[in-house]
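Asks: Each chain, letter by letter, is given below.
Protein chains: 2
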Amino acid sequence: MVQVSVSMARPLDDMTLEDVARILGRSFAVEGVVNGPDGMTATVRDDVSYDHLRQAVVKVLRVARHLTEECVFSHEPTDWQGSDAQLALEAAGDVQRLGPGLFAFGGSFLTVRGALDTLLLGIAARHGAKELAYPPLWPIPVLRDINYFHDFPQLAMVAAGVETDFTSRSRFSEAHRRGSGSTAIACTAENGLAPAVNALAPTVCDCCYWLLRDRRDVADQVFTIHGHVFRNEASDEGSLDRLSAFTMREIVTVGTEAFVLARRQVLLEDMKQLAQLLGLRCTIEAADDPFFCNDALQKNLLQTAAQLKYELRVVLFGNREIAVGSLNLHNDYFSKSYDYTTRDGARPFSGCFAIGCERLTYALFCRYGLDLEQWPQPVRSVLRLG
Amino acid sequence: MVQVSVSMARPLDDMTLEDVARILGRSFAVEGVVNGPDGMTATVRDDVSYDHLRQAVVKVLRVARHLTEECVFSHEPTDWQGSDAQLALEAAGDVQRLGPGLFAFGGSFLTVRGALDTLLLGIAARHGAKELAYPPLWPIPVLRDINYFHDFPQLAMVAAGVETDFTSRSRFSEAHRRGSGSTAIACTAENGLAPAVNALAPTVCDCCYWLLRDRRDVADQVFTIHGHVFRNEASDEGSLDRLSAFTMREIVTVGTEAFVLARRQVLLEDMKQLAQLLGLRCTIEAADDPFFCNDALQKNLLQTAAQLKYELRVVLFGNREIAVGSLNLHNDYFSKSYDYTTRDGARPFSGCFAIGCERLTYALFCRYGLDLEQWPQPVRSVLRLG
Chain A
4 MVQVSVSMAR
14 PLDDMTLEDV
24 ARILGRSFAV
34 EGVVNGPDGM
44 TATVRDDVSY
54 DHLRQAVVKV
64 LRVARHLTEE
74 CVFSHEPTDW
84 QGSDAQLALE
94 AAGDVQRLGP
104 GLFAFGGSFL
114 TVRGALDTLL
124 LGIAARHGAK
134 ELAYPPLWPI
144 PVLRDINYFH
154 DFPQLAMVAA
164 GVETDFTSRS
174 RFSEAHRRGS
184 GSTAIACTAE
194 NGLAPAVNAL
204 APTVCDCCYW
214 LLRDRRDVAD
224 QVFTIHGHVF
234 RNEASDEGSL
244 DRLSAFTMRE
254 IVTVGTEAFV
264 LARRQVLLED
274 MKQLAQLLGL
284 RCTIEAADDP
294 FFCNDALQKN
304 LLQTAAQLKY
314 ELRVVLFGNR
324 EIAVGSLNLH
334 NDYFSKSYDY
344 TTRDGARPFS
354 GCFAIGCERL
364 TYALFCRYGL
374 DLEQWPQPVR
384 SVLRLG
Chain B
4 MVQVSVSMAR
14 PLDDMTLEDV
24 ARILGRSFAV
34 EGVVNGPDGM
44 TATVRDDVSY
54 DHLRQAVVKV
64 LRVARHLTEE
74 CVFSHEPTDW
84 QGSDAQLALE
94 AAGDVQRLGP
104 GLFAFGGSFL
114 TVRGALDTLL
124 LGIAARHGAK
134 ELAYPPLWPI
144 PVLRDINYFH
154 DFPQLAMVAA
164 GVETDFTSRS
174 RFSEAHRRGS
184 GSTAIACTAE
194 NGLAPAVNAL
204 APTVCDCCYW
214 LLRDRRDVAD
224 QVFTIHGHVF
234 RNEASDEGSL
244 DRLSAFTMRE
254 IVTVGTEAFV
264 LARRQVLLED
274 MKQLAQLLGL
284 RCTIEAADDP
294 FFCNDALQKN
304 LLQTAAQLKY
314 ELRVVLFGNR
324 EIAVGSLNLH
334 NDYFSKSYDY
344 TTRDGARPFS
354 GCFAIGCERL
364 TYALFCRYGL
374 DLEQWPQPVR
384 SVLRLG
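Protein sequences, first through last, are from chains A and B. Here the first sequence is numbered in the numbering used here, starting from 4 and rising by one per residue. Here the second sequence is numbered in the numbering used here, starting from 4 and rising by one per residue.
Derived EDC-like pairs (lysine to aspartate or glutamate); straight-line CA-CA distance at most 20 angstroms: (1) B/LYS62 with A/ASP168; (2) A/LYS62 with B/ASP168; (3) A/LYS62 with A/ASP17; (4) A/LYS62 with A/GLU21; (5) A/LYS312 with A/GLU73; (6) A/LYS302 with A/GLU73; (7) A/LYS133 with A/ASP120; (8) B/LYS275 with B/GLU79; (9) B/LYS133 with A/ASP374; (10) A/LYS133 with B/ASP374; (11) A/LYS62 with B/GLU177; (12) A/LYS339 with A/ASP223; (13) B/LYS62 with A/GLU177; (14) B/LYS302 with A/GLU177; (15) B/LYS275 with B/GLU72; (16) A/LYS133 with A/ASP223; (17) B/LYS133 with A/GLU93; (18) A/LYS133 with B/GLU93; (19) A/LYS312 with A/ASP292; (20) A/LYS302 with B/GLU177.
Derived Cβ-Cβ restraints for the label pairs, each shown as a range: (21) B/GLU376 with A/ALA349: 31 to 39 angstroms; (22) A/PRO381 with B/ALA309: 52 to 60 angstroms; (23) A/ALA349 with B/GLN84: 45 to 53 angstroms; (24) A/ALA192 with B/ASP342: 30 to 38 angstroms; (25) B/GLY125 with A/ALA192: 44 to 52 angstroms; (26) B/ALA309 with A/ASP342: 50 to 58 angstroms.
No wet-lab data here; the hints were simulated from the structure. Think of the CB as a built atom: it goes at the ideal place given N, C-alpha and C, for glycine as much as any other residue.
Start from the sequences and build out the full structure, keeping to the hints where you can.
Replies: Quick look at the structure:
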């Protein structure tokens, strides 16, 4: 347990305290963040040096005090009601837990998830999007060159197989055979795992930009991709709203600044309309990515100051609220990282509209219950459920 | 380089020599397998003891000499022609290489892959299959309990994230930042990777059986699943026919022996009809899984003797032939492994019909070329291409 206090001219407001705890939580096991006699006091359970923690806390404070919660859209259905649908979905067998952060899906859950994707494909088609598919594994350089491992070490996952020699494979084979009781495979020499040359995809769009690397003729274009994405995290409570592996549909724009900004406005309207059609109680507001508490953290300031990220936040039930989608503007981050330009030498901009398919599906079940027949006709129609 | 010779009453025929080389190649870097003055001589590039190699070679010999190539179906279209479509697909941008064994798909490749899946879903629907979806990551015990790590260490892959402490994450963050030149992340202490609690799915059906574990009321049932699967291998030549990550559609049957065997017969007919409708030059023949050269190897004998596995093998062009699908009978392997029974205490049987979606798609492009408009009308109709 390590504790750091930072003296303050006046106590922090509750929202800032919450922000500090949330941001610090990306990198540390936070015990508490409170206003105290010595100023703001943060306590973590990590075995970390005082100096390390102090440095991080000072950075986080600077970021947290400048985050603005700009809300650009709010939808409050008059007849709204919501309750947690997870237990009922599990009882029906439509959602089955495989392990922490991992679920199998079937029945009505799969029906709605598929219907939502068809709806999103319709939006993509109106933008003339070209459909692409990527594998869930990407070569390490794809993520290295956009600094993903540096900015999000807490979320990254790599894929490793056993070395090719007979001795390593035989040893692995014996160590993890049936009856061995193995529940985890240590990344140490005795398991003979070869260096990982691929990482698990953290999102679906990065390959779009990577495939443009070194090109000098990038024109305005729109892509759409559906795929599996992975995060090294899971809900402690086994909830459906934080998964280690989930699916995502994205609509991606690449091109001149004017093109990407104009599309972004239309995609923001698309997002509002989607929320309204589905009858969600929600907001669309400025947000920031969960950057790690090193120098990457400063990017949060840039993100919110420039409103680079909006999140579609949905109330599930009570005061439980989750982000089910986001609208991101990357400026020229990817074209600089992967070195591609337009024909006239300019750095293309890019942006994406992303929906977390399981979260949005879960939100609909919390809103309307398990019996699809009883869902309001307008919602059934928009999802083509009949 | 290690060499082992085994004396023989008479030289092995060419097919058996090939089988020995193929099976040995699952576990060793094989330099050559030939008939020589001292009998059959196998040479491998691995740094392995003579005794180890000799033991493995004797086992492989025993297996190889008993493999039978029983062919239950053969389809030879009269007007057949085929040529490698990969370069043309890449030139059109419909297939883009991301790295060894990893490709991005778009355009007509994605159109055909989707159309094939719709066709397979139709077959599944005729069997009354219930659709399920699994994440591409599975908890280690799912594979441990069916002895996957023991039987296929050469194919297994695990997913690892960084330890939760700040020090490990900071170090990882610095080591693999942009400009670091990292192309691989070693599974050693300095990268701070936590023990892997999940493995990458090697197939799509195992979770079906795992979710039945400990149940005492398993009834006859049919499932269908589409998902991403992973193998720790890649084509040396960067060919589309051996991928590290690909998609698979399966139709899975679970129930009494009579139910599973009867469904298997129908699924075999479905597979024949599929091959005919698509105009493939192909065979359906007895096959065996690539078991590792330890005691798992003996399972090959059991498989072929009992005809537990049939493969749909398609000629792409010249004498290049690949397996695009398989029909597997597991007997009660899964119900014993995961301990589930029917209501009357019997061990359910299971079986599956599996199609490798990218391989079958690739086979169609080799057969009919890139221009979908020019494909024969019957094939276009069955794929609903218009």
